[in-house]
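Work the whole structure out from these sequences, hints included.
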Amino acid sequence: MTVRNLITALLMGSSLLAQTPDEAWPTYNGDYSGRRFSGLTQVNTGNVEKLALAWATKVTSGATGYGVRISATPLMLEGVLYFTSLDNVWAVDARSGREIWRYYREAKGDMPRTGNRGVALYGKWLYFVTLDNNLVSLDAATGKQRFLVQFADPKQLFFSTVAPVVIRNHVIIATGGDSLDIPAYIEAHDPETGALQWKWRVTPAKGEPGFETWPSEYAAASGGGHPWISGTYDPELNLYYVGTGNPDPVGAGQSRKGDNLYTCSIVALNPDTGKLVWHFQVSPHDTHDWDAVQTPVLIDGVIDGKPRKLVAQAGRNGYFTVLDRTTGKNVLTTRMLPTLNWSKGVNSAGQPIPDPAKEPQPDGTLVSPPTSGATNWPPPSFSPQTGLFYVGTNEGFSLYYLTDPDQQPQGFAFREAGLGGNKSALVAIDYRTGEPAWKHYWRAPGGPNGILTTAGNLLFTGHGSYLIGFDATTGKTLWHTTMANALTNGPLTYLLDGKQYVIVGAGDTLYAYALHAPKPGP
Amino acid sequence: MKLVVVLLLTTSLAAQLPSRAAIAGSNQDEAAVERGSALFAAQCATCHGPAGRGTNPATDLIRSALVRREQTAEKLATHPDAAFTKGQMEDLGAWLKVLLFSVSSKGNQDFLNILTGDAGKGGRFFAANCAGCHTLHSEKATGDLAGMGEKYDASVLQSLWLNPRRAKTPRTVTVTPPGITGTLERIDEFSLVLKDEAGTRHTVRLDDDTRVEIKDPLQAHYDFYPRLTDADIHNVTAFLASLK
Chain A
19 MTVRNLITAL LMGSSLLAQT PDEAWPTYNG DYSGRRFSGL TQVNTGNVEK
69 LALAWATKVT SGATGYGVRI SATPLMLEGV LYFTSLDNVW AVDARSGREI
119 WRYYREAKGD MPRTGNRGVA LYGKWLYFVT LDNNLVSLDA ATGKQRFLVQ
169 FADPKQLFFS TVAPVVIRNH VIIATGGDSL DIPAYIEAHD PETGALQWKW
219 RVTPAKGEPG FETWPSEYAA ASGGGHPWIS GTYDPELNLY YVGTGNPDPV
269 GAGQSRKGDN LYTCSIVALN PDTGKLVWHF QVSPHDTHDW DAVQTPVLID
319 GVIDGKPRKL VAQAGRNGYF TVLDRTTGKN VLTTRMLPTL NWSKGVNSAG
369 QPIPDPAKEP QPDGTLVSPP TSGATNWPPP SFSPQTGLFY VGTNEGFSLY
419 YLTDPDQQPQ GFAFREAGLG GNKSALVAID YRTGEPAWKH YWRAPGGPNG
469 ILTTAGNLLF TGHGSYLIGF DATTGKTLWH TTMANALTNG PLTYLLDGKQ
519 YVIVGAGDTL YAYALHAPKP GP
Chain B
5 MKLVVVLLLT TSLAAQLPSR AAIAGSNQDE AAVERGSALF AAQCATCHGP
55 AGRGTNPATD LIRSALVRRE QTAEKLATHP DAAFTKGQME DLGAWLKVLL
105 FSVSSKGNQD FLNILTGDAG KGGRFFAANC AGCHTLHSEK ATGDLAGMGE
155 KYDASVLQSL WLNPRRAKTP RTVTVTPPGI TGTLERIDEF SLVLKDEAGT
205 RHTVRLDDDT RVEIKDPLQA HYDFYPRLTD ADIHNVTAFL ASLK
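Those protein sequences? They're chains A and B, same order as listed.
Under my numbering, think of the first position of the first sequence as 19, with each following residue one higher.
Under my numbering, think of the first position of the second sequence as 5, with each following residue one higher.
Hints listed in this document are in silico derivations from the structure and should not be mistaken for laboratory results.
Note that the coordinates shown come from a computational prediction; the quantities given were computed from them, not determined experimentally.
For each residue, glycine too, the CB sits at the ideal point set by N, CA and C.
Careful, some of the hints might be misleading.
From the structure, some residues in chain A lie toward chain B, with a derived Cβ separation under 10 Å [unchecked claim]: (1) Phe165; (2) Gln168; (3) Leu175; (4) Leu198; (5) Gln379; (6) Thr421; (7) Phe432.
Take a look at the structure:
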């Protein structure tokens with residue numbers, strides 16, 4: 019697929035599921051599907067041992083008080099990589115890593131200094147959100163600011179980190195920040211002016227469907243649910259799929275009895291109107307800080323011999339869920355985490371049934387997984403070639419303590435005490451059964467980390483300060499290299515001048531790998 | 005200090021009041037906080053609740069967009085029922101910031117009562133499951149638990165017996181090939197460092213086929229987790245807390 023076609027496809031919203039990004043990486047997930055699968059085969063299981071460092075670029079922040087952590091997935095278009103960290107955006111040459119420009123703007127406010135997942139592209143313009151909740155558009159060629167529009171109040175402790183998603187002429191963004199019981203929302207903005215097009219509130223108002231899952235307007239309006247990771251899109255169905263965050267107050271359910279829709283859910287929105295088309299709640303009435311923002315990955319699969327349009331999520335709550343993405347009906351729900359102990363099983367709709375005894379208790383309750391989850395935001399991957407969904411998991415336990423027994427608890431109402439003996443794994447799940455086809459337990463715990471798969475039948479991910487290439491079918495380790503830091507983003511790949519690059523961010527440095535090809539002698 | 009006394013008295017009654025950690029973490033002037041909290045308790049708490057959460061949604065200050073936006077108490081000048089001096093408004097502003105920080109910052113909340121277990125049952129659990137490795141005398145031997153209850157606060161104690169500190173309990177490793185055994189000092193996906201009996205350090209490269217057998221004295225603790233009930237945990241904690 020040519021770059022020009024790709025941009026056109028992006029703007030027109032035509033099907034990208036059948037194709038993969040090869041000569042570009044134009045969105046957060048590479049394409050709209052969230053699979054993070056590339057059709058490139060130049061680097062493959064037969065030659066990955068020759069993969070070597072092509073270049074590395076250490077970037078510096080415009081600020082002096084804190085360092086750079088690249089948690090963004092860079093976008094690559096026409097030979098330029100675009101990526102962010104807190105307060106910074108960079109354009110670097112995709113062939114050499116040389117910096118072309120840097121944009122810097124310091125976020126104001128008391129919110130935690132956290133990461134930023136990156137930019138979106140629309141024509142010649144870039145879009146990103148600032149920690150203090152502005153949608154900013156830059157000229158991709160120069161890094162010059164075109165507009166800045168505030169979409170949430172930082173003084174309410176909203177803070178924003180999501181990589182925007184562009185669908186036709188909609189720039190879709192969402193709020194973050196679950197510390198002060200603030201209501202979450204997703205918005206679409208005009209790419210030319212930044213003007214608001216629509217707003218979808220995660221927690222419903224009185225009279226709206228879903229409101230019956232809250233005891234009061236007060237509880238629903240303070241219910242949180244921030245969808246802080248980019249969603250995915252099916253152009254044929256014209257549905258935008260996104261995972262929502264945990265309800266507020268965090269870790270205490272006594273003031274919000276009920277399921278607390280649409281928190282901890284996979285929701286399908288019409289990107290033109292912001293209207294909810296269907297929802298599936300993966301964690302009813304969460305009290306463990308397990309948001310459900312993990313990427314809803316689109317799979318065109320076959321179940322019981324029938325072709326199906328599916329969406330799959332490996333959840334922070336420890337469950338693996340596959341839905342029909344046309345209707346939102348459950349296809350399967352399996353226990354991804356063997357140690358999971360917080361539910362009484364799965365109901366007929368495919369949802370976990372929370373065990374009230376495992377909600378945070380004043381004297382502590384032992385729960386698996388810990389609040390950081392069975393997995394977390396680092397992007398998973400799905401290879402249509404192997405039919406396997408790849409995700410990093412953590413098997414561990416924590417003590418969960420209720421600290422706020424008030425009938426109206428607020429903010430963080432619990433504390434966690436992490437325990438030992440955690441086991442981490444790279445897991446390859448068969449989407450048709452929800453069961454692992456293989457599982458690679460790491461020798462030391464850590465992660466999860468972002469994952470990329472390719473048609474060369476390779477899987478790239480990190481562990482410790484290693485970048486590692488696996489055989490995607492068997493899980494055999496084929497190649498590894500050492501970086502100065504641990505992987506901090508989702509890897510990407512592209513073909514440029516006939517050469518396939520694999521790009522990863524680790525701390526403040528972007529690394530590029532390509533096949534080592536010694537120049538022939540005279 | 006008066007403030008501390010007030011807080012110690014009230015935390016047991018109303019846990020939603022800010023902990024000492026939250027007061028310290030909020031970076032407000034201590035004297036202003038003390039004056040502001042006293043003024044708040046005397047003149048505001050009847051309607052706005054002891055921690056500013058209100059007695060109904062309309063009087064909740066913590067979830068009030070106005071309070072958060074202003075981050076000061078200057079708007080109090082327009083309050084229908086209150087007349088404050090500028091200094092008092094500043095003191096109340098400092099206290100409001102403490103209240104906001106207290107609910108919005110992770111890990112600054114006080115634990116409630118953790119010692120709810122039955123020490124007798126905990127003792128029987130200990131005898132049946134723990135006594136193989138642990139003694140209760142004062143022999144200063146590894147694994148001896150005498151005096152545990154005096155040394156640690158209950159919240160620390162409960163975590164500690166479930167997940168003891170690594171430093172005192174080295175892991176033994178056998179790695180094949182090359183087939184050497186020693187104390188494990190470091191391990192990652194592709195290498196490990198061990199110290200053999202002679203005190204020599206070895207760095208060994210690992211691949212998918214390398215066999216690494218680790219003997220971890222703490223593994224017995226981790227293996228317990230899936231089998232423990234919360235009652236077991238609280239009972240054992242109560243038992244250990246009684247060892248004085």
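Hints that the structure is at odds with (numbers, increasing) | The structure breaks hints 1 and 2; every other hint is satisfied.
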